[in-house]
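Chains as they are written, first to last, in our numbering: chain Z, 1 to 219; chain R, 1 to 129; chain D, 1 to 296.
I should point out that these hints are in silico values taken from the structure, not numbers from a laboratory. Keep in mind that a hint or two might mislead.
[As the list claims (entries may be wrong)] With a straight-line cut-off of 25 Å between C-alpha atoms, the simulated BS3-like cross-links for lysine-lysine are: (1) Z/Lys55 to R/Lys56; (2) R/Lys6 to Z/Lys20; (3) R/Lys56 to Z/Lys40; (4) R/Lys56 to Z/Lys13; (5) D/Lys116 to D/Lys210; (6) D/Lys196 to D/Lys268; (7) R/Lys124 to Z/Lys55; (8) Z/Lys209 to D/Lys119; (9) Z/Lys40 to R/Lys126; (10) D/Lys210 to Z/Lys7; (11) Z/Lys198 to D/Lys140; (12) R/Lys52 to Z/Lys55; (13) D/Lys116 to Z/Lys169; (14) Z/Lys13 to R/Lys81; (15) Z/Lys166 to D/Lys116; (16) R/Lys124 to Z/Lys40; (17) R/Lys85 to R/Lys6; (18) R/Lys85 to Z/Lys7; (19) D/Lys24 to D/Lys140; (20) R/Lys81 to Z/Lys20; (21) Z/Lys169 to D/Lys119; (22) Z/Lys40 to R/Lys85; (23) D/Lys67 to D/Lys12; (24) R/Lys113 to Z/Lys55; (25) Z/Lys7 to D/Lys116; (26) R/Lys52 to R/Lys6; (27) Z/Lys55 to R/Lys6; (28) Z/Lys166 to D/Lys30.
[Said to hold, decoys possible] Sample of chain Z residues with no beta-carbon within 12 Å of chain R, all distances over it, derived: (29) Pro8; (30) Glu10; (31) Glu39; (32) Lys40; (33) Gly43; (34) Ala52; (35) Ser53; (36) Asn54; (37) Cys71; (38) Glu74; (39) Gly95; (40) Ala207.
Everything numeric in this text was worked out from a predicted model, so none of it was measured. We put the beta carbon where it would ideally sit given N, CA and C, even for glycine.
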Amino acid sequence: MIIAERKPLEEIKNMIAGYKRILVVGCGTCVTICWAGGEKEVGILSSQLRLASNKEENELSILEAVVERQCEKEMVEELRDKVQEVEAVLSLGCGAGVQTVADIFEDKPVFPALNTAFIGMPEGEGLWTEMCGACGDCFLDRTGGICPIVRCAKGLLNGPCGGTRKGGKCEIDPEKDCAWVLIYRRLEKQGRLELMRKYYEAKNYRAVKRPGKVQAVQA
Amino acid sequence: MEKVGKIIAFCCAESAYRAADRAGRLRIRYPDNVRVIRVPCAGRVSVLHILKAFEKGAAGVLVMGCQEGACQHLTGNARAKERVKYAANLLQEAGIDGERVKMVNFGPDMAQKFVREIKEMVEKIKEGK
Amino acid sequence: MAKPFRETLETKDFVVTAEAGPVKGSNVTKMIEHIELLKDRVDGLNVTDNQSSVMRYPSLGACLLIKEHGGEPILQITCRDRNRLAIQADLLFAYSRGINNVLCLTGDSIDVGDHKEAKPVFDLDSVQLIHLVRTLNSGKDMTGNELDGGVDFCIGASATPSADPIEPQLIKFEKKLNAGVGFIQTQAVYDLDEFKRFMEHARKTDREVKILAGIVPVIGAKMAAYMNENVPGIFVPQYIIDELAQAPKGTGVSKGIEIAARMIRQMKGEKICDGVHIMFIGREERVPDILEAAGL
Chain Z
1 MIIAERKPLE EIKNMIAGYK RILVVGCGTC VTICWAGGEK EVGILSSQLR LASNKEENEL
61 SILEAVVERQ CEKEMVEELR DKVQEVEAVL SLGCGAGVQT VADIFEDKPV FPALNTAFIG
121 MPEGEGLWTE MCGACGDCFL DRTGGICPIV RCAKGLLNGP CGGTRKGGKC EIDPEKDCAW
181 VLIYRRLEKQ GRLELMRKYY EAKNYRAVKR PGKVQAVQA
Chain R
1 MEKVGKIIAF CCAESAYRAA DRAGRLRIRY PDNVRVIRVP CAGRVSVLHI LKAFEKGAAG
61 VLVMGCQEGA CQHLTGNARA KERVKYAANL LQEAGIDGER VKMVNFGPDM AQKFVREIKE
121 MVEKIKEGK
Chain D
1 MAKPFRETLE TKDFVVTAEA GPVKGSNVTK MIEHIELLKD RVDGLNVTDN QSSVMRYPSL
61 GACLLIKEHG GEPILQITCR DRNRLAIQAD LLFAYSRGIN NVLCLTGDSI DVGDHKEAKP
121 VFDLDSVQLI HLVRTLNSGK DMTGNELDGG VDFCIGASAT PSADPIEPQL IKFEKKLNAG
181 VGFIQTQAVY DLDEFKRFME HARKTDREVK ILAGIVPVIG AKMAAYMNEN VPGIFVPQYI
241 IDELAQAPKG TGVSKGIEIA ARMIRQMKGE KICDGVHIMF IGREERVPDI LEAAGL
């Protein structure tokens, strides 16, 4: 799932400075689950902006909305009436959502209230961990299901590097496990260490040419 | 008395509300700019409730629940504590002193404590001015 | 002119290399001083490449200086800052200017350095880099195109004998040996028993490769603790920290040199490895003292 985090309020205020009527729009999918841009977060951000603008004696009127998936044209279209009433849109969608809104309503400035961070999963309550780098050339069959591209700080295919800390922690962060030590332990558990002993050639970093395009066929 | 903005006190029915009630019956005087809102549990109060209270002109918010470990709904007061902390940060970010929202824990007969907390919040608001 | 490193590796019993740290700037005066001081006392002279991800004068440039002053340079290439095109191009240039030895490294992570917002490259890892140099040596580039003018590098790599856990490192080490390297310069060695075990494993995999133990003198208990915490791949054991703590004030550097020399003597005397690689960055002018104390 896509994980995003809300930008600091100061940064958001600077983006919308000068606009007096805005629409704050959230997304009901990934960013709702990771507590960044769902209905509650739209309410909270709008409330904060009103409190701040009252204090600073700025005029600011806010419309609020949530779209089920902000990356879908048809769903974003539903916002048209509201968008017409405002000068700018503040989107709490991920990068794909913000751009979809910006593409549909080309005559309105659209601002991102979130920083989209990664594809990940919940490690604990509200704690999200990066799992996948969307590299387009999945290597997980060879590493016992642990991605070396994003979970190894250097993205090595033949790891580990010589910088591993004591106890199998990563060079860049003593709290972070060295992905290749994790891979070693996983493959050892499964009796498949020969996979780690193999030499892997340089990665095809153009497996997905950016910006990526995939044409799928419905079954 | 100098005019101070309203204080909203979300009071849990099992504890704080009873304490407030007792203060009333014992005729202990406390400032009259308090609005007591009875909730089934402090955990019912959301972050947005707190922010909206300030939006609507409150100068301070108290979230009053059962004592730690005594919540009838088990984790309601613990959740409330976390939400109040989060709300304080959000208020601070928006330019409002985060100490204007506070979580307080009660037993049902703590009438004096109820009055004390109200008075303290009034003082804090006055100082802020 | 200095003897080619490849030859020295084949003929000399105990090989000695050292490392010089480049300047952060274009003023190469001090570097040239270090080069002049060390070039005739060691069999090969490495220059680090943006070591610890701190931006400095490049290894390639420094190796040219070594060549110009009659020394035998060992070029260090990391995968952190250059993609496969840049690496191949740099190697062609290096060879054309008489630089024949290359140490293939992954590279420290960006986070430990002084440009923490830079984009890390890591297009290749160190094993792929070794294979790449072998491919260039065979007259082709990485995608199979013929080279007009080939190269013939003596290839080296690093190893970390003190890693914990050691097993994943040994797997990586074997891959490097299988990729075909002529020499290994290890990370700092302090525990000789541990190092002997590592050498046993190395000899089983490849009898031919020359292994040079990394020697990093530690000059104080505080420095040792700092290195343990902040420098990737270094583990100074407690008994050395204790020995340093007991040294009288102001004698830290001499103590560090004494400990290092003692280790080198033992490695040479007991034929534990094929030589040493001395890294005394910031105190290059004291390297001759280590060599003298070690009887080299």
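Verification of the supplied hints:
Between Z/Lys55 and R/Lys56, the direct Cα distance comes to roughly 13 Å. Compliance with the 25 Å bound is thereby established for this hinted pair. Between R/Lys6 and Z/Lys20 the alpha-carbon distance is near 28 Å, which puts this suggested pair outside the 25 Å criterion. Restraint check for R/Lys56 and Z/Lys40: the C-alpha separation of about 18 Å stays at or below 25 Å, so the hint holds. Among the hinted pairs, R/Lys56 with Z/Lys13 is consistent with the structure: their alpha-carbon atoms are about 21 Å apart, no more than 25 Å.
Between D/Lys116 and D/Lys210 the alpha-carbon distance is near 36 Å, which puts this suggested pair outside the 25 Å criterion. Taking the CA atoms of D/Lys196 and D/Lys268, the gap is about 13 Å. The hint holds against a cut of 25 Å. As the CA atoms of R/Lys124 and Z/Lys55 are separated by approximately 18 Å, the hinted pair is consistent with the 25 Å bound. A threshold of 25 Å between alpha carbons decides the hint, and for Z/Lys209 with D/Lys119 the separation of about 19 Å falls inside it, so the pair holds.
Proposed proximity of Z/Lys40 and R/Lys126 is contradicted: the alpha carbons are some 32 Å apart, above 25 Å. Between D/Lys210 and Z/Lys7 the CA atoms are separated by roughly 54 Å; this puts the pair beyond 25 Å, and the hint is violated. Proximity of Z/Lys198 to D/Lys140 is assessed by CA-CA distance (about 23 Å); at most 25 Å being required, the pair is judged to hold. For the hint linking R/Lys52 to Z/Lys55, the alpha-carbon distance of about 15 Å falls within 25 Å, and the restraint holds.
A C-alpha spacing of about 20 Å is found between D/Lys116 and Z/Lys169, which places the hinted pair at or below 25 Å, so the restraint holds. Straight-line distance between C-alpha atoms of Z/Lys13 and R/Lys81 comes to about 28 Å, which puts the hinted pair past the 25 Å bound. With a CA separation close to 23 Å, the supplied pair Z/Lys166 and D/Lys116 stays within the 25 Å bound. Among the hinted pairs, R/Lys124 with Z/Lys40 is inconsistent with the structure: their alpha-carbon atoms are about 29 Å apart, more than 25 Å.
Proximity of R/Lys85 to R/Lys6 is assessed by CA-CA distance (about 21 Å); at most 25 Å being required, the pair is judged to hold. Between R/Lys85 and Z/Lys7, the direct Cα distance comes to roughly 19 Å. Compliance with the 25 Å bound is thereby established for this hinted pair. The suggested pairing of D/Lys24 with D/Lys140 is violated, with an alpha-carbon distance near 35 Å, which exceeds 25 Å. For the proposed pair R/Lys81 and Z/Lys20, the alpha carbon gap of about 35 Å is over 25 Å, so the pair is violated.
The suggested pairing of Z/Lys169 with D/Lys119 holds, with an alpha-carbon distance near 22 Å, which does not exceed 25 Å. Proximity of Z/Lys40 to R/Lys85 is assessed by CA-CA distance (about 17 Å); at most 25 Å being required, the pair is judged to hold. Under the criterion of a C-alpha separation no larger than 25 Å, the hint pairing D/Lys67 with D/Lys12 is consistent with the structure, at around 21 Å. With a C-alpha separation of about 32 Å, the suggested pairing of R/Lys113 with Z/Lys55 is violated against the 25 Å cut-off.
Proposed proximity of Z/Lys7 and D/Lys116 is supported: the alpha carbons are some 21 Å apart, at most 25 Å. Of the supplied pair hints, the one linking R/Lys52 and R/Lys6 holds, its CA atoms being roughly 13 Å apart against a limit of 25 Å. Using a Cα cut-off of 25 Å, the hinted pair Z/Lys55 and R/Lys6 holds, with the two alpha carbons roughly 17 Å apart. At most 25 Å may separate the alpha-carbon atoms for a hinted pair to count; Z/Lys166 and D/Lys30 exceed this at roughly 36 Å.
The Cβ of Z/Pro8 sits about 7 Å from the closest Cβ of chain R, inside the 12 Å cut-off, so the non-interface label is violated. The claim that Z/Glu10 lies off the interface is violated: its Cβ sits roughly 8 Å from the closest Cβ of chain R, which falls inside the 12 Å cut-off. A cut-off of 12 Å between C-beta atoms contradicts the statement that Z/Glu39 is not in contact with chain R; the least separation is 10 Å. Its beta-carbon lying about 7 Å from the closest one in chain R, Z/Lys40 breaks the requirement of being farther than 12 Å from that chain.
Listed as outside the interface, Z/Gly43 is inconsistent with that label: its C-beta sits roughly 5 Å from the nearest C-beta of chain R, within the 12 Å cut-off. A beta-carbon of chain R is positioned within 12 Å of the beta-carbon of Z/Ala52; the least distance is around 4 Å. The claim that Z/Ser53 is not at the interface with chain R is violated, since a C-beta of that chain comes within 12 Å of its own (minimum 9 Å). Not every Cβ of chain R is farther than 12 Å from the Cβ of Z/Asn54; the closest lies at roughly 8 Å, contradicting the non-interface assignment.
Consistency note on Z/Cys71: stated as away from chain R, and its beta-carbon is indeed over 12 Å from all of that chain's, at 26 Å minimum. Every beta carbon of chain R lies more than 12 Å from that of Z/Glu74, the smallest distance being close to 29 Å; the non-interface claim holds. Here Z/Gly95 stays apart from chain R, with its beta-carbon at least about 23 Å from theirs, past the 12 Å limit. Non-interface call for Z/Ala207 relative to chain R: holds, since the shortest CB-CB distance, roughly 41 Å, exceeds 12 Å.
Violation of the numbered hints given earlier is confined to hints 2, 5, 9, 10, 14, 16, 19, 20, 24, 28, 29, 30, 31, 32, 33, 34, 35, 36; the remaining hints are satisfied by the structure.
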